[in-house]
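Residue numbers (the working numbering), protein chains in the order written: chain A, 19 to 355; chain B, 19 to 355; chain C, 19 to 355; chain D, 19 to 355.
Since the hints were made in silico from the structure, they are not lab data.
Values in this document were obtained by computation on a predicted structure and should not be read as measured data.
Hints should not be assumed to be uniformly reliable.
Identical copies carry no separate label here, and so any pair may be met within one copy or between two of them.
To be verified - Below 30 Å or equal to it, Euclidean Cα-Cα: the simulated DSS-like pairs (lysine-lysine) are:
| no. | residue 1 | residue 2 |
| --- | --- | --- |
| 1 | Lys-308 | Lys-155 |
| 2 | Lys-117 | Lys-320 |
| 3 | Lys-155 | Lys-320 |
| 4 | Lys-320 | Lys-86 |
| 5 | Lys-117 | Lys-107 |
| 6 | Lys-214 | Lys-107 |
| 7 | Lys-308 | Lys-117 |
| 8 | Lys-155 | Lys-214 |
| 9 | Lys-308 | Lys-320 |
| 10 | Lys-117 | Lys-214 |
| 11 | Lys-155 | Lys-107 |
| 12 | Lys-155 | Lys-117 |
| 13 | Lys-308 | Lys-86 |
4 protein chains.
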Amino acid sequence: MPQIDELVLEPPFNVTRASHVVLNVRDLNASRHFYTELVGLVVSDEDDSAVYLRGLEERGHHSLVLRKSSEATCVCIGMRVRNEDDIYKAQDYFAEQGKTATLADVPYQGLTLRVRDNVGVPLEFCASMEPRERMLKQYQHYRGASAQRLDHYQLQVSDVRQTWGFYQALGFRVSEYTYSNISEMQHLWGVWLQRKGNPHDIVFTQGPGPRLHHFAYTLPDSNDMIRACDVAGALGYAPSLERGPGRHGISGALFTYFRDPDGHRIELFNTHYQHIDLEPALGWDLADPKRADQWGLPAQNKWFTEATSFTDSVLTQPEIRVDPPTLERFLALANDG
Amino acid sequence: MPQIDELVLEPPFNVTRASHVVLNVRDLNASRHFYTELVGLVVSDEDDSAVYLRGLEERGHHSLVLRKSSEATCVCIGMRVRNEDDIYKAQDYFAEQGKTATLADVPYQGLTLRVRDNVGVPLEFCASMEPRERMLKQYQHYRGASAQRLDHYQLQVSDVRQTWGFYQALGFRVSEYTYSNISEMQHLWGVWLQRKGNPHDIVFTQGPGPRLHHFAYTLPDSNDMIRACDVAGALGYAPSLERGPGRHGISGALFTYFRDPDGHRIELFNTHYQHIDLEPALGWDLADPKRADQWGLPAQNKWFTEATSFTDSVLTQPEIRVDPPTLERFLALANDG
Amino acid sequence: MPQIDELVLEPPFNVTRASHVVLNVRDLNASRHFYTELVGLVVSDEDDSAVYLRGLEERGHHSLVLRKSSEATCVCIGMRVRNEDDIYKAQDYFAEQGKTATLADVPYQGLTLRVRDNVGVPLEFCASMEPRERMLKQYQHYRGASAQRLDHYQLQVSDVRQTWGFYQALGFRVSEYTYSNISEMQHLWGVWLQRKGNPHDIVFTQGPGPRLHHFAYTLPDSNDMIRACDVAGALGYAPSLERGPGRHGISGALFTYFRDPDGHRIELFNTHYQHIDLEPALGWDLADPKRADQWGLPAQNKWFTEATSFTDSVLTQPEIRVDPPTLERFLALANDG
Amino acid sequence: MPQIDELVLEPPFNVTRASHVVLNVRDLNASRHFYTELVGLVVSDEDDSAVYLRGLEERGHHSLVLRKSSEATCVCIGMRVRNEDDIYKAQDYFAEQGKTATLADVPYQGLTLRVRDNVGVPLEFCASMEPRERMLKQYQHYRGASAQRLDHYQLQVSDVRQTWGFYQALGFRVSEYTYSNISEMQHLWGVWLQRKGNPHDIVFTQGPGPRLHHFAYTLPDSNDMIRACDVAGALGYAPSLERGPGRHGISGALFTYFRDPDGHRIELFNTHYQHIDLEPALGWDLADPKRADQWGLPAQNKWFTEATSFTDSVLTQPEIRVDPPTLERFLALANDG
C-alpha cells in the first residue's frame, strides 16, 4: 500500500471544525418536514425565505440553513474558527495567496469571512454564532433519527490531490485515503481530512466537481438509525433511503444515506473513532469493496454519480478517469442466480 | 383487498410450535463455525456425522441439526406437539387420511412421528426433547447475532392454496397473506401460518417446490442484528449477507438474511407482534413493495429464485406463473442515474 | 431446591392471555399525559369520565382503562378468552363452583363475564373487543417507552398456594416460583403463571392482599427503556422511576418500574423467553438476590410494601410472615463505606 | 447561577488528551479477567509483573497498565502531548515553575516526562506510543462492555479551585462545574476540564485528596452498557456494579460505575457532547439532584467516600467541608413506605 506524503503544518489560523451548510431548496415546507421529522433537527429560527436548523446537542444557532430558491444548489459550506482573531488572520492569509476573501454580515453568525477554495468551493469561516439551548437532554423532543450535530462534508472534485493541498496548508490532517492503480501509477482518489479529532471534517473524492456529495450528522445510537429508517417508511420517505444501513470500512461508521426532497444527500451515522494523535494515514485500494461497506452491500450507481452543484460554480471533469468502483459487482448481485 | 376464506378448526392433535430443522451440509466444521460464531447458536452435542445446536434461550436439545452429507439438502422440518398423546392422535389422523406416518427413534428426541404433507414436505412431529440448560442469562457466551430461538420456516410450494389446506386442518391460523391479480382472478401467492401466537410458525409462498426458502431465529435486540452484520464482515461472511437489514411490511419484523456455507438461508429477525386473538388475516397485494420492505430496498433476484431442496422430494412448477415481484425495481435502482 | 407439585389440567374454558386493566385515577389529564408521553400508549377513545388506551401493536380497543374517581384503586383486571363459547362455558363453570359470575355490557368489549377469584380479585373475562388499527409500523407516533402490548399482572395475595389453585384449575401453568424456608418447611412465596406461552400472564407473591402490585407492558428494544428513563427525566417523572433498569433473574426480563401519578405501578420490560413446552417449573430461593436482579441492585422497600387496592376488596394479612427479602442488603449498601 | 471566572490561555505546550492510567493491583490474573471479559479491553503485552491494555479502537499501545503490587494504589495518570517538542517545552515550563520534572524511559512509550501537579498528583506526559492494530472492526473480539477508548479521569482533591489553576495554565478549558452555597459564599466544588473537544479529560471534585475517583472508557452503544451489566451478572461481578445505569446531568452521559477486584473504580459511558467552541461553562448547584442523575436515582454513599490513593501521595482534607450531596435522599428512599 502506498503511503501518502502528508505534511503536518502549523496552520495560519485556527479552523476548529465543520460548522454549517447552506442549501437552496424549492419547497421550504417540504424540506423543513424532512429535516425535523425524519432527521430530527430543531428549528432555531425561520421566516418566509429561510429555515435555520440545529442538531439536538448543538448550542450554535444553526448547522443547516435552508433557503427558498428556484434551484436545488448548495450556497456554501462553513468552517468554524476559534475566535475573531482567526478571522482576521484568515483574511490576511488569503490576501497573501491572492484570493478574494470578503467579510460578510450573516444573520445569527458572528464575524464571517467568505472565500472560495482552489477548486471553487464557496466557504464561510465563522468565529461564533448566537447561542441556543442545547436540546441534548430534552428527550421528549427527539424525533426520527435524533440527529445530534453536524460532523462533516463530502465533496466531489476533479483533482483530489490539488484540492487537498489547499486544506493541508490550513492544518487539516489526513486520517484515511483511497488510491487507484492507473497504469502502474498510484492515483489519489479520495482524502478524509480532519481538524476536530475524529476521522473527518471534510472529505474529497474524485468526480465532476466541485459538487457537494453529502453532509453528515451524528446519531446518538445505532437504534436511532433503525428508528430513522422506520420513520422514513412510515412518513413516505422510503424512496429517499438511498443506501444503507451499512458499515463503512473507512472511518468504521455505521451509516445510512437519505436524499432530501430536492435530492441533497445527507448521511446519518454513528460510532467512528478518535483521530487526535499524529499517526500515518490509513490507505485503501479503491478496488477493495470492504473500503466502502464491511457488510458487502454495494452502493447504487447514483450514489456515485449524483451530487449537488454549488451556486455559480463551474463543473470540471477529472483528467484521469477512474470508473465508479461498484457498478459491476452490484449488477452481478442483481443478476445472480 | 380480498379477504381470505379462513376456517378456524378444532385441530385433531395439538401442534404447539415450529421445533427443529435438519440440514445436510458438506463440511460440518465450516457450518458449525457459521452457526456458532455468526448466528450465536450453542452446541448441545456433536459427533463426526452431526452437530446438534440450540438457541441461547432454548431448553430443548436442538432446533438445528447439521448432518454431514455429500449434498446440501433439507432432511426435514419439525413441529412440536403438546405431549405423547398428541403423537398417537396424529398417527391416527394421518392413517385416516391415507398417509404413511411412521414412529421413529430419533436421537435426543422423545416420541417422534414422520410424515409428508400434501406437497411432499418431510415433517417430524415430536413430543419432547432432552432438556439442556437455558443459556439465556449466560451473557458471557453471547456471540455474533446471539440468536435466541427458532421461530419459523418459510417454504416455496407450487400451489399455496392446496398446501394451506393441509395445515388449516391441523389448526394453523393465517396471520397475513399475499395475493396477485391474474386476469381478474385473485390468486393466493403466500400464507403466513401460526400456532404459537405470533405471526408465523410456517410460511408458504409460490415457487418451484417444495423447497425450504429459509428458517428464522429471533434476536434479543436490534443491536444484535447490527452486531451480526459486523461480525459477518469481520469473519469473512460478508458475501453471505444476502439481504437486509430491512423492515418487513408483513409481520413488521426487522430482518437480515444470510446464506450458510452450503447456501441454506437463515433469517435473523426481531420485533414482530402477538397474534393470539381471533381476527381477520391481513392481506397484501404482491405488487405493493412495502409488503416486503417498509424501507424501500428490494431483494436481490436470487432471494426469490434460490432455495434448498428437500431430500428425495420431487420439484413441481406452479401452474399459474407469477413473476418475482421485485426484479424490475431492483434493476431500475441499479441502473438509475 | 423443592419441585412444585404442578398439575397440568384440561381447562374448562379457554383463557388465552392477560387482556386489560381498569384503574381509578384522580386526575384524568395527569394520568393520560403519563401513559401517552412516557409509556407511549395510544388513546383509542376518551370522554370526561374515562380514557381507553392501547399499546402500539395492539389491535384490540384497550388494554388500559383509566376512570375518573376520587380514589386510586384498581377496578378489575381482564383475561381474554378464545371466543364467546368460552364465556358461556366459564359462566357454567363458575356456577358449578358456587361463584357469582355476571354477564356485563362493557363499552368497546364483546361478551364479558365478571367474577371474583378465590381471594377476591375482581376479574373480567372477555371474548372480543372492537378492533383498532395496529400502530406497530406507525413509527412517527412512537413516544417515550414505545410500549407495545400489555403482557402480565403481578398481585400480592395473603395465600399464594390457595390462589394458585384457582388459576391452575383454569389451565394456567407455572413457569417459575419462589419459596422460603420457614422452620424447615418449604413455603411457597410466589408463582409465575401463564397461558400465552411466555413466562407470565399473572403473577402472585405473598403480601397483604389482594392488591395489584403492577401491570407490565413490553417494549420493542432495550434502547426504548433507556429512552423511557430519559424522557421521564425530561418530563419531570424522575421521582416516578422506582426501580431499575435491571435484569430479573426470574423471567430474564430487562425491567424498569414507574409509579403513575396515582401511585399505580407499571413495569416496562423486554426480552424474556418462550414457555410453551411442558417442562418442570423453575424454582428460586427467596433469599437468592439474583432471583430479583442479576445485576445486584436491590429494590427499595416501598417496592415490596406498596401496592394498589382493588375497589371494595378486603385486605387480608398473610398467616405466615416472610420478611421482604432485600431491606437489609439495601440499607447495608446505603451505609457502606 | 454564578458564572465561573475562566481564562482561556495560550498553553505553554500542547496537551491533546487523557492518555493512560497506571494502577497497582494485588492479583494480576483477577484484574486481567475483569478488564478483558467485563470491560472488553485488549491485551497489548504482558509479563509476570504487568499487563498493558488498550480499548478496541485505540492504536496506541496502552491506556491502562496493571502492575503487580502488594497495595492497591494508582501509580500515575498520563496525558498525551502533540509531539516530542511539546515534551521539551513542558520540561522548560515546569522548570520555570520550580517543579521537578524528569524525563523517563517507559516501556512502549515514546519520550515521557514525569511531574506532580500542584496538589501532588503524579502525571506522565507522553508524546507517542508503539502502535498496535485498531481492533475497531474486529467485532468478533468484542467482549462485555466493548470499551472503545480511555476518555477521562475524575479525581478528588482538597482544593478544587487551586488545582484548577494548574490545569487552566496548561490550556484546559472548563465545560461544566458545580458550586455550593456556604454561608452566602459561592464555593467551587467540582470542575470538568477538557483539551480534546468533549466535556472532559480530567475532572476534579472536592474530597480528601489527591485520590483517583475513577477513570472512564467510552462504549459504542447504549446496548453495550446493558450487555456489560448482564455479563457482570453472569461472571459474578454483580457486587462490582456500584452505580447505574443512569444519566448524568453534567455531560449528559449514560453511565455505569464498576469497582475492579482491587476497588479501583471505572466508569463505562457513552453519548456525551462536543465541546470545541468557546462558550461559557455550564454551572450546577451541588444541591440539584439532576446534576448527578437525570433519572432521579442517587449514588450510594461509598461512591462519594471511597477512592484510590496515589502511591506516596499525602492525603489532605478539604478546609471547607461540604457534605456529600445525596446521603439523605438515598436513605429517605430506602426507608420510605
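Hint-by-hint comparison with the structure:
1. Within a single copy, Lys-308 and Lys-155 get their C-alpha atoms only as close as 36 Å, which misses the 30 Å cut-off; across copies the closest is 11 Å, which meets it.
2. For a Cα distance limit of 30 Å, the shortest separation of Lys-117 from Lys-320 qualifies neither inside one copy, at 34 Å, nor across copies, at 56 Å.
3. For a Cα distance limit of 30 Å, the shortest separation of Lys-155 from Lys-320 across copies, 27 Å, qualifies, whereas the shortest one inside one copy, 37 Å, does not.
4. Taking CA atoms no more than 30 Å apart as the test, Lys-320 paired with Lys-86 passes inside one copy only; the shortest distance there is 25 Å, against 45 Å between copies.
5. Taking identical chains as interchangeable, the C-alpha atoms of Lys-117 and Lys-107 lie at most 30 Å apart only when both belong to the same chain, with a minimum of 14 Å there against 36 Å between chains.
6. Within a single copy, Lys-214 and Lys-107 get their C-alpha atoms as close as 19 Å, and across copies as close as 23 Å, so both meet the 30 Å cut-off.
7. For a Cα distance limit of 30 Å, the shortest separation of Lys-308 from Lys-117 qualifies neither inside one copy, at 40 Å, nor across copies, at 51 Å.
8. In this assembly of identical chains, the alpha carbons of Lys-155 and Lys-214 lie at most 30 Å apart whether taken from the same copy (23 Å) or from different copies (22 Å).
9. In this assembly of identical chains, the alpha carbons of Lys-308 and Lys-320 lie at most 30 Å apart whether taken from the same copy (19 Å) or from different copies (22 Å).
10. Taking the shortest Cα distances, Lys-117 and Lys-214 sit within 30 Å of each other inside one copy (25 Å), while across copies they are farther apart (32 Å).
11. For a Cα distance limit of 30 Å, the shortest separation of Lys-155 from Lys-107 qualifies neither inside one copy, at 37 Å, nor across copies, at 41 Å.
12. Neither within a single protomer nor between protomers do Lys-155 and Lys-117 lie at most 30 Å apart by alpha-carbon distance, with minima of 43 Å and 42 Å respectively.
13. Taking CA atoms no more than 30 Å apart as the test, Lys-308 paired with Lys-86 passes in neither setting, with 39 Å inside one copy and 32 Å between copies.
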